[in-house]
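Top to bottom, those sequences are chains A and B.
The numbers in the numbering used here rise by one with no breaks, and the one at position 26 of the first sequence is 33.
The numbers in the numbering used here rise by one with no breaks, and the one at position 200 of the second sequence is 207.
Hints listed in this document are in silico derivations from the structure and should not be mistaken for laboratory results.
One or more hints might be untrue.
Claimed, not checked - Straight-line distance between alpha carbons at most 35 angstroms, and here's what the computed DSBU-like set of lysine-lysine pairs gives:
hint, chain 1, residue 1, chain 2, residue 2
1, B, Lys29, A, Lys195
2, A, Lys29, B, Lys156
3, B, Lys9, B, Lys211
2 protein chains.
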Amino acid sequence: MKERIIITISRQFGSGGRNIGKRLAKALDIPFYDSELIDEGAKESGINPDMVRDMEETPTNSLLYSIATNAFFGTGHFSPSVELPLTDRLFLAQSEVIRKFAAQGSCVIVGRCANYVLREDPDLVNVFIHRDFEERVNQVSKLYDLPRKRAEEVTKKTDKKRSNYYAYYSDKNWGQAENYDLCLDSGKLGEDSSVALIVDFIEKRNLRRRIRG
Amino acid sequence: MKERIIITISRQFGSGGRNIGKRLAKALDIPFYDSELIDEGAKESGINPDMVRDMEETPTNSLLYSIATNAFFGTGHFSPSVELPLTDRLFLAQSEVIRKFAAQGSCVIVGRCANYVLREDPDLVNVFIHRDFEERVNQVSKLYDLPRKRAEEVTKKTDKKRSNYYAYYSDKNWGQAENYDLCLDSGKLGEDSSVALIVDFIEKRNLRRRIRG
């Protein structure tokens with residue numbers, strides 16, 4: 008693919024969205040970035056996401072952590088960056104990393120509100136992957152070797168976290184179709200065909216862009 | 008297409024969703040039903056949707072209308088159907104028509120909560136069509152020859168009506184990706200490619216169903 012394209016993937020927990028993103032990047036022969044890589048990048052900018060691990064993708068309790076962190080980092084000097092709650096500073100650091108990735112050229116980015124962070128980018132394609140709840144619980148139970156009840160809890164909780172995180176930073180509804188260019192039920196297609204359908208969407212979109220100039 | 012398939016299309020006002028549905032039905036060589044045809048069918052069951060025109064897709068004021076209608080139809084006999092607000096009786100009549108259409112075989116149905124009415128049908132594919140608000144207002148302004156400000160009002164109001172109507176009967180969020188199999192931004196593809204992408208989705212879905220048995 009010659010044209011620059013930045014594909015962001017948002018996904019329900021257990022929908023296979025991360026895998027689909029990884030395989031999509033391979034199919035298009037462009038880099039793939041996920042939350043772990045974004046966090047690695049954030050470390051370089053001075054925030055250690057491991058420290059924020061427990062609040063990952065939850066803006067709640069940020070005041071408490073902020074107070075704790077200010078006490079820890081406290082210098083006595085006024086600094087706007089220290090004034091911000093730790094989760095917000097992490098979000099800003101992650102956003103910087105996401106923008107750096109996108110500046111390097113075409114890529115697939117999964118998670119971390121990338122579709123919001125890059126909302127002004129004209130080459131953006133935003134995808135949302137979802138799947139039937141019971142099917143996702145089955146997947147989670149198998150993949151993480153969890154009893155069904157526990158898998159249910161983890162699935163619900165992770166989606167809730169992602170939804171809150173997205174709503175907090177973007178002021179939009181996570182999983183609302185109009186916030187994405189394409190949304191699909193991965194359970195209806197399977198991973199191979201989900202990747203192929205996204206490629207089809209991108210080709211059709213690029214064709215229209217070329218025609219419209 | 009040999010396999011029975013029932014495709015429902017929900018759409019934002021001005022997104023071109025109805026046209027896409029019509030062209031999809033033509034591409035698949037199956038019947039197309041829209042709100043008008045559903046309303047025609049409902050007339051046969053004794054409810055005249057013209058009488059309910061003003062409250063179309065709005066459950067509000069149904070009590071008032073119900074009282075007015077009871078006074079009008081009032082027989083003095085107890086009848087559960089007369090007890091129901093008029094909008095609810097219309098919904099039930101429309102639902103009957105939708106089920107009758109689906110029972111006749113493969114088809115495309117646009118509007119009237121068909122994806123909720125037919126939710127138990129195993130051959131259902133639910134599609135949601137949306138588009139950038141400004142682009143939709145442009146379309147509405149051109150199509151209905153309205154000044155821009157008025158086109159904006161009509162677009163917002165019609166979406167609000169559809170959203171309320173869907174939430175009232177289905178208890179789910181209109182336009183929430185997980186309530187559909189496929190959602191797409193028709194502005195990114197244009198009508199031709201939107202139809203082609205839905206066909207591609209259906210072929211991939213049917214392939215998976217055949218493999219899984």
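Do the hints match the structure? See the list:
For a cut-off of 35 angstroms, the pair hint linking Lys29 of chain B to Lys195 of chain A stands: about 23 angstroms separates their Cα positions. Restraint check for Lys29 of chain A and Lys156 of chain B: the C-alpha separation of about 44 angstroms exceeds 35 angstroms, so the hint is violated. A hinted pair counts as satisfied when its Cα atoms are at most 35 angstroms apart, and Lys9 of chain B with Lys211 of chain B qualifies at roughly 15 angstroms.
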